[in-house]
Amino acid sequence: MTKKTYADLIPRLNSVVAFEMGGEQMALPTDVLREVLELPALTPVPCAGDFSAGLINIRGVVLPVADWRPLFGMPLKAADRETRILIIETSVNEQTMTVGVIAEKVHAIAEIDPDTLRPVPAVGTRWPKGTLLAMARWNDAFVAIPDVVSIFENQISQEPQLVGAD
Amino acid sequence: MMDAETQEIFRQEAEALMEALQEGLLVLKETPDDLEVVAGVFRALHTIKGTGAMFGFSRLASFVHNFEAAFEAVRSGKSVVTPELINVALTAYDLIAELLEGGEPDPAKDEELTAALAAATSGEAPAPAAAPTASEVPAAPAEIKEWDLQFRLPPDFMEIGGNPIAMLDELREVGGETTIVRPLTDRLPSIAQMDTKVIYTGWQVILPGAIKENAIRDVFMFHEDQMELSIEPVHAAPAAPVAEPEPAAAPLAEAAAAPAEPAATAKDAPKAAKAAPAAVAQLRVAADRVDLIMDRVGELVIAEARLAAIANQLENEALLGVVEDIQRLALGLRDSTMALRMTPLSSIMGRFRRLSHDLAETTGKTFDFIVEGEETELDKTVVEKLTDPLVHMIRNSVDHGLEGPEDRAASGKPERGLVKLSARHAGAEVVIEIIDDGRGMNEEAIRKRAIERGLLTEDSDVPRSEVLKMVLEPGFSTAAAVTALSGRGVGADVVKQAIEALNGTIEITSEPGEGTVFTLRLPLTLAIIEGLLIGVGKERYALPLLSVEQILELPEELAGGTSATDVIELNNELVPVLRLRQVFNRDASASTHQKIVIVGANDTRVGLVVDEIIGTNQTVIKQLSPLHSRLKIFSGATILGDGCVALILDVIHLVSLGQEIEQRLKGTAA
Amino acid sequence: MSKEILIVDDSPSVRRMVSMTLQQAGYAVTEAVDGAKGLEAAKAHRYAMVITDQNMPNMTGLEFIQAYRADPSSSGVPIIFLSTESEGGLKEAARAAGALGWMVKPFEQEQLLAVVKKVAG
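Residue numbers (the numbering used here), protein chains in the order written: chain A, 42 to 207; chain B, 47 to 716; chain C, 3 to 123.
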């Protein structure tokens, strides 16, 4: 999978999964989405930082689950009936990685009008630089379209937190 | 066209043959008179040639033909194995390897080496490579009106499964509608003398002149030499049958002699087959198929654990009985599958013998290369990934470790140096040592260099073993700098990376003037381990059972502690302790039955304070994703019987954490 | 009922090439990795044709043919002997031992099929 850019995004907007976290509407093109699951038993990974929600077992395969909320400065809401995990397939440093992302609510598979596509404002948003591909409008609300590749690559290139043995 | 799988089978086969060839050549270097090895080399060459040609490596086939001719001369006693022959043969081996890999070396090399091989075997020119196909016989001139073919099939034709009717049919097919077939019955014996299995009839066949002579000969392809056959072009009217050719005595005599010989052989044959019990039939299987089985076995083991969990809940005797059976079978299957993946180190030793041969040539240093424990088995993946690091290390031992003969003599050492590669099993690990009796490593020079490179600070108090390990750090030095330092380092950081990727460790010990020992410790397998399941807070973790030395009740004086680290006295020895709940920042309150699990690696121990010992389990190791793989404290994850994921603790990392604590404690005590 | 052919060769790639070629042409193929296994198979079952390599460890193709022909049940079963051009001298020996014919390695799939069709039908 190559890096998805803003221009590549337009044809991908006719099928997105619309979801929600921290009160924000978000959308991801379904070509990276493998499935949407109810939250299975989650095994936390100590010392892995708050981006890591833990590990899950999907039909005998161990998958990592990421929690984007700390990254976006959102409050952590305890899991409830509406919590879902989006299983997405992305590329990290040219290698395919399957990973889960926690969503507080998943709305629907939808279509976004490409005319509503806007670049991310450089200032005045909660979104750290490089975490979104674009903003758009859907159902009369702003939706953020995250840059999955960049989010994971940045996260992985960070030094892991050292074990707190002191 | 060959399908990909056949190509892969060929590739694997060629690899094995090449390995056998090289091994054979190197053995011959030591024991040139071993005719059995010569025969082995010959057979390897022969098969490489035959299959190579079949898979489109025609240049290779014709070169190997000449290579083979040299060893045929040895095999038949016309020539002997000399060091020169081995040297040339090894260079020839390299050319074949390059050709097999699809390279296109300078064609002049083929001739050069062919000549050298010939020169090395009594100077006789080798037989030129036979043309890959039979030489074309020119087509019959246009004016030929007909072919007059007369033939008598071999007397045992029926006995050996031949079919004269099919043969005549084929001739009719070749000749078309105008073909005329007439029997020649002049040699029919009286009925009383007739053997029902012998064909006494001959045939005359008249075929159109437009047919190529080769097309006719092709029909008799197998038998031309054993039978009477004449093919005469007829230019005018069809000639009357020509005079009978002299009956050839040879085929008859052969036929008569034949039964006597087989009878003798037949008796010996079964004995011969039994006399070689060592040759267990080998089956080559693509590695990914074995991986697939391993995955399935992993899933089976997990499913079995779930079944066991349910059976325990239900407390049904009959069900528990079946579960036990399944457990036993699953374990057996696991062990057999793991055994499939186990490969002896000897499978890569040929490369190292070759390397030492080449190094002796290029460096001019004389040394013995000794291998110990090459029968030691390791997971195939581990063996493969080990090759390159070992090549680096052996090369470095010779290049930088061993002194030249004069230096050695000057320091009172035997002129011949020693490089030893030894392997042995130790618990769940394999220990591999690369030992040389060279000049040893210069700690001060390495320390200075490491400080220059910013790997150490001036005032850092690092033990000798850690200083020596600096040569394995990326960016420690360039090759030239290291040589000047009498250290090592070409690709040494590659070595470190490769060994760590295999969850292994490297230790270096070195005494100035006496030599250096690199010790590699590697896990036996990367797939399934026997695990000890422990509870820390609300979570469960797995530890490799083989690294667990002891489980103790938590001593009272430690029970109240809340710091991540502590120390206990065990058999008059201070052992560092890690409170896993604190290390992991788990906020659940401590259990009242905390235990200490003493784990060991690299002859060092560390105690782990845990809340609960749950029991042993079959731990199917799943690799962590890039998101977590850099957390060295976990070596992987596994799926438990209830379907939950548990992390596997990396004992080697925990132990090194413990050592750091120990260092600090000593520091404060001093 | 497809005709059954036995191939005796220690080289997996040759065995596979032979098997694949013949199976695609509708023959049933049994593989034996050496002379001893080949002998076992050939004595246990009457094949429409046996193909054997010469150059094998433990028992050569020639020895295999001799041993098999010593068994009366082999009468009428054609044996094709695989050799290389450098083993020309062996042809006569193989023929004397009871091979119906030989094929020179390397051979193409088409050549193999032509020979098998001719010999086994």
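It cannot be assumed that every hint is accurate.
[Said to hold, decoys possible] Here are the simulated DSSO-like pairs of lysine-lysine, each with C-alpha atoms no more than 27 angstroms apart in a straight line:
| # | chain 1 | residue 1 | chain 2 | residue 2 |
| --- | --- | --- | --- | --- |
| 1 | B | Lys258 | C | Lys119 |
| 2 | C | Lys45 | B | Lys191 |
| 3 | C | Lys45 | B | Lys124 |
| 4 | B | Lys258 | C | Lys5 |
| 5 | B | Lys243 | C | Lys45 |
| 6 | C | Lys93 | B | Lys459 |
| 7 | B | Lys641 | B | Lys426 |
| 8 | B | Lys584 | B | Lys466 |
| 9 | B | Lys243 | B | Lys191 |
| 10 | A | Lys118 | B | Lys542 |
| 11 | C | Lys39 | B | Lys641 |
These aren't lab readings, by the way, just hints derived from the structure by calculation. Model, not experiment: these values are computed from the prediction.
Structure-based check of all given hints:
1. B:Lys258 to C:Lys119: Holds: Lys258 (chain B) and Lys119 (chain C) sit about 22 angstroms apart, inside 27 angstroms.
2. C:Lys45 to B:Lys191: violated, 49 angstroms
3. C:Lys45 to B:Lys124: Violated - the C-alpha atoms of Lys124 (chain B) and Lys45 (chain C) are around 39 angstroms apart, more than 27 angstroms.
4. B:Lys258 to C:Lys5: Not satisfied, since the Cα-Cα distance of roughly 32 angstroms exceeds 27 angstroms.
5. B:Lys243 to C:Lys45: Roughly 21 angstroms separates the two Cα atoms, so the pair holds.
6. C:Lys93 to B:Lys459: violated, 59 angstroms
7. B:Lys641 to B:Lys426: Given pair Lys641 (chain B), Lys426 (chain B) is violated - Cα atoms ~37 angstroms apart, limit 27 angstroms.
8. B:Lys584 to B:Lys466: violated, 49 angstroms
9. B:Lys243 to B:Lys191: violated, 36 angstroms
10. A:Lys118 to B:Lys542: violated, 43 angstroms
11. C:Lys39 to B:Lys641: violated, 59 angstroms
Of the numbered hints listed earlier, those contradicted by the structure are 2, 3, 4, 6, 7, 8, 9, 10 and 11.
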